[in-house]
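Student: Sequence:
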Amino acid sequence: MKQIIVSASALLILAACAGNSNKTDAKKDSTATTSAPMAMQAKFTADMVDNQRDPSCGMPAKAGLEDTIHYKGYVIGFCSKECKDEFLKDPEKGLTAADLKKKQ
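In terms of mature numbering (1 follows the signal peptide of the UniProt record, and there is no 0), the sequence shown is residues -18 to -1, 1 to 86.
Mixed in with the good hints, there may be bad ones.
[Said to hold, decoys possible] Restraint-style ranges between C-beta atoms, simulated for each label pair: (1) K25 x S(-10): 20 to 28 Å; (2) A(-3) x E68: 57 to 65 Å; (3) L(-8) x S62: 54 to 62 Å; (4) F26 x K84: 13 to 21 Å.
Since the hints were derived computationally from the structure, they do not count as laboratory data.
Each residue gets a CB set at the ideal place from its N, CA and C atoms; glycine is no exception.
Turn these sequences into a full structure, and let the hints steer you where they fit.
Tutor: This is the structure in structure tokens:
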């Protein structure tokens, strides 16, 4: 009887240890999927737009652009949606601040 209890206890311990290894693997998998979005880059490059600076905040276009708008034949790039919204309040003022590239 004593041998049966010891054997059953040993089996329960082994089963419990086997269950913990799956939890560790699951953590490794979830870490890999959450770190993937960090590798994303900006949507637009400075070569795709006609401005050299964000017209709202003055940040250089080469630093990265997240949004664009077409205005009076120009493609204007913005570092964020907030800067784009600010530009739309007074586009003419923003156009002069955009430091536009010369069209060839």
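Student: Kindly indicate which numbered hints from before are broken by the structure, ordering the numbers from low to high.
Tutor: Violated: hint 1 alone.
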